[in-house]
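Participant: Read off the chains here:
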Amino acid sequence: MFDIDLWREIFQSINKNRLRTLMSGFTVLFAIMLFTILFGIANGLQNTFTEAFGDDATNAIFIRSGTTSKASNGLQAGRRIQFDNNTFSSIKSENDDNIEYITSRIFKNVTATFRNETDNYSVRAVHPDQQFIEKTSIDEGRYINQRDLENKTKVIVIGSKVEEDLFLKTTALGKYLNLSGIQYKIVGIFSDEGNDDEERIIYMPLTTAQQVYGNNDYIDQISLTYNPKLNFDEAIAFSNKLTSELKKLFSVAVSDQRAIRVRNRASESQSVSALTTGLGIIILVIGFGTLIAGVVGISNIMIFIVKERTKEIGIRKALGAPPKSIVFIILLESILITIIAGFLGLIIGMAVLKYGGPSLEQYFIKDAAVSLNLIVAATITLIVSGGIAGYLPAKKASQIKPIIALRND
Amino acid sequence: MLKINKLHKSYPIGDSSLHVLKGINLEVETGEMVAIMGSSGSGKSTLLNIIGMLDEADSGDYILDEVPIKNLTEKKAAIYRNKFLGFIFQSFNLINYKNALENVALPLYYQGLKRKERQEKGKFHLTKVGLLEWADHLPSELSGGQKQRVAIARALAADPKLLLADEPTGALDTTTSYEIMEFLQQLNDEGKTILIVTHEEDIAAMCKRVVRLRDGVIEEDKKVNQVRAGQHV
Numbered sequence: 000m001f002d003i004d005l006w007r008e009i010f011q012s013i014n015k016n017r018l019r020t021l022m023s024g025f026t027v028l029f030a031i032m033l034f035t036i037l038f039g040i041a042n043g044l045q046n047t048f049t050e051a052f053g054d055d056a057t058n059a060i061f062i063r064s065g066t067t068s069k070a071s072n073g074l075q076a077g078r079r080i081q082f083d084n085n086t087f088s089s090i091k092s093e094n095d096d097n098i099e100y101i102t103s104r105i106f107k108n109v110t111a112t113f114r115n116e117t118d119n120y121s122v123r124a125v126h127p128d129q130q131f132i133e134k135t136s137i138d139e140g141r142y143i144n145q146r147d148l149e150n151k152t153k154v155i156v157i158g159s160k161v162e163e164d165l166f167l168k169t170t171a172l173g174k175y176l177n178l179s180g181i182q183y184k185i186v187g188i189f190s191d192e193g194n195d196d197e198e199r200i201i202y203m204p205l206t207t208a209q210q211v212y213g214n215n216d217y218i219d220q221i222s223l224t225y226n227p228k229l230n231f232d233e234a235i236a237f238s239n240k241l242t243s244e245l246k247k248l249f250s251v252a253v254s255d256q257r258a259i260r261v262r263n264r265a266s267e268s269q270s271v272s273a274l275t276t277g278l279g280i281i282i283l284v285i286g287f288g289t290l291i292a293g294v295v296g297i298s299n300i301m302i303f304i305v306k307e308r309t310k311e312i313g314i315r316k317a318l319g320a321p322p323k324s325i326v327f328i329i330l331l332e333s334i335l336i337t338i339i340a341g342f343l344g345l346i347i348g349m350a351v352l353k354y355g356g357p358s359l360e361q362y363f364i365k366d367a368a369v370s371l372n373l374i375v376a377a378t379i380t381l382i383v384s385g386g387i388a389g390y391l392p393a394k395k396a397s398q399i400k401p402i403i404a405l406r407n408d
Numbered sequence: 000m001l002k003i004n005k006l007h008k009s010y011p012i013g014d015s016s017l018h019v020l021k022g023i024n025l026e027v028e029t030g031e032m033v034a035i036m037g038s039s040g041s042g043k044s045t046l047l048n049i050i051g052m053l054d055e056a057d058s059g060d061y062i063l064d065e066v067p068i069k070n071l072t073e074k075k076a077a078i079y080r081n082k083f084l085g086f087i088f089q090s091f092n093l094i095n096y097k098n099a100l101e102n103v104a105l106p107l108y109y110q111g112l113k114r115k116e117r118q119e120k121g122k123f124h125l126t127k128v129g130l131l132e133w134a135d136h137l138p139s140e141l142s143g144g145q146k147q148r149v150a151i152a153r154a155l156a157a158d159p160k161l162l163l164a165d166e167p168t169g170a171l172d173t174t175t176s177y178e179i180m181e182f183l184q185q186l187n188d189e190g191k192t193i194l195i196v197t198h199e200e201d202i203a204a205m206c207k208r209v210v211r212l213r214d215g216v217i218e219e220d221k222k223v224n225q226v227r228a229g230q231h232v
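For the record, the sequence lines run as chains V and W. Number 152 in numbering that gives the first Met the number 0 belongs to position 153 of the first sequence; there are no gaps in the numbering. Number 222 in numbering that gives the first Met the number 0 belongs to position 223 of the second sequence; there are no gaps in the numbering.
Careful, some of the hints might be misleading.
What the hints assert, rightly or not - In silico DSSO-like links for lysine-lysine, alpha-carbon gap of 27 Å or less: (1) V:174 to V:160; (2) W:122 to V:15; (3) V:174 to V:134; (4) V:310 to W:74; (5) W:113 to V:323; (6) V:310 to W:97.
The set of hints was computed from the structure by calculation and includes no laboratory data.
Starting from the given sequences, assemble the full structure and let the hints guide the process.
Facilitator: Below you can see the structure in the form of structure tokens.
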């Protein structure tokens, strides 16, 4: 195979039969180019999906309360269930193994004022764990910490949009912001990958909010993330267990659907990931369909080439060419053309994705690109398929009787 | 040199078969120049193809240079063809994308010779047929006579024991035909054994022996007084 004369023969054949080379090369080039572009676009579509649903932790569980819809334990229906610090600590202590992060939440609406600028915002009073559940990233300063909770300090962490709105061009960190009449020190500024509204939130320590708004230990909601090692079924079982624990704690009827509401992201994220998997399968089918069409194309051309070269093969055999050399000469030519054309197709496809990709973002296709793995896989597929596509006609050609080949005028 | 005994060959045509060679016995000594004649359908080309190992006989013996030619694998046949035989065809059968020198050197490639040696030998044989200055030309740039001379040079390149020519002058005009024949006679004078299939009497007369085939059997086999082609040119 490393015989220089053999390669000389092949290059001569390729060079002297440019139309033939171009035709077969173009088929491969086109197939691989389409394959790359389709795959890239599909990847882009998948990126958009992942991003849209990837904002919060996928292993999150949100627990809220409502009013009972059924009488139980001698208590009437229509009773309002109110979570408090005890609820939080009992959930936390009883499920410590399964909980990764946990926080209570209190929601308030405030009017925030800084000098002449004023606007309305939502306040979330939370535990420090909230940062990890919401996947909040701190741009400047720090997040709420345990000491804030213990001392009930009047500090807040504001979203970057709040800073933009109220502080205009100046920096907000370290300044005091007036929230409905009370001054809070800004200790951190955060950003969030989700939407803009998420960055118009103000976080404060839970205990501070409990003291300022009502001086009680009520909480509105409990959010937690479960241990990521739990599989889907275990996660669902876990949220069911939480539900029944809480129902027992608040003497709620087992069949009451309203009093305790537990929302598990696992079931949501499963349908999203099912969608992404479905999309992935469609992409694979389309991509490999294109590739197979390309391989069929090469096979057709190879059959045509062998037909065209029948006489030459006959002459070569009459001059003493062994069958093996006929197979080699056709096979290697086929593989060589496939590799070169395939690489060109790949490069063109990638260039199209690189320069055309950004304009596709408005069609929900983000970062359309193909991975290195895919490129390697496609290249190997190419070489193998070029080999198969070339081998059968080449084998057939080597078995043509010279007398029949020579008669072919 | 060459010995054929009770050779039979038939081709299937639809359900029946056409019996082309019906027991051919032929012996050719080294240095002979034999014309195989016959009308079309007499089996002369079939005979030549079997001798040239381009086709296989159904039954009978064929011994070439004391080697029995029977049940050859493709690989073995290729080696024998390369070592024993040189082919000259009516339609020249040059490879159209290779120049004259590359065409002549091709059998040497299959003998496993080094490139440099191939070039040298190729040039030597091109010189012999008087076409050295046409070495870089493609077949399409050559005249019919030149093409046939390149083909002869190619047939000679591997230094075969037997030259087989299938209607070598069939596609050429009379003058060019005689030139080619003169050249073949010259090779024969140098000791090459040559077998020529032809249906032209004047070409046959330029050989030393004429074998006439009719309906698959040898009708006549006689030595003739060779007409020198040089006299006509």
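Participant: Measure nothing beyond the straight line between the CA atoms of residue 113 (chain W) and residue 323 (chain V); if it is 27 Å or shorter, mark the hint as holding.
Facilitator: holds, 19 Å
Participant: With the threshold set at 27 Å, check whether the alpha-carbon distance from residue 174 (chain V) to residue 134 (chain V) stays at or below it.
Facilitator: With a Cα-Cα distance of about 25 Å, the restraint between residue 174 (chain V) and residue 134 (chain V) holds, given a limit of 27 Å.
Participant: What's the verdict on residue 310 (chain V) and residue 97 (chain W), does the C-alpha distance respect the 27 Å limit or exceed it?
Facilitator: holds, 14 Å
Participant: Holds or violated: residue 174 (chain V) with residue 160 (chain V), Cα cutoff 27 Å?
Facilitator: holds, 16 Å
Participant: Just to be careful, I want the Cα atoms of residue 122 (chain W) and residue 15 (chain V) compared with a cutoff of 27 Å; is the pair within it?
Facilitator: holds, 22 Å
Participant: Given the hinted pair residue 310 (chain V) and residue 74 (chain W), is their alpha-carbon gap at most 27 Å?
Facilitator: holds, 19 Å
Consistency note: the structure conflicts with none of the earlier hints.
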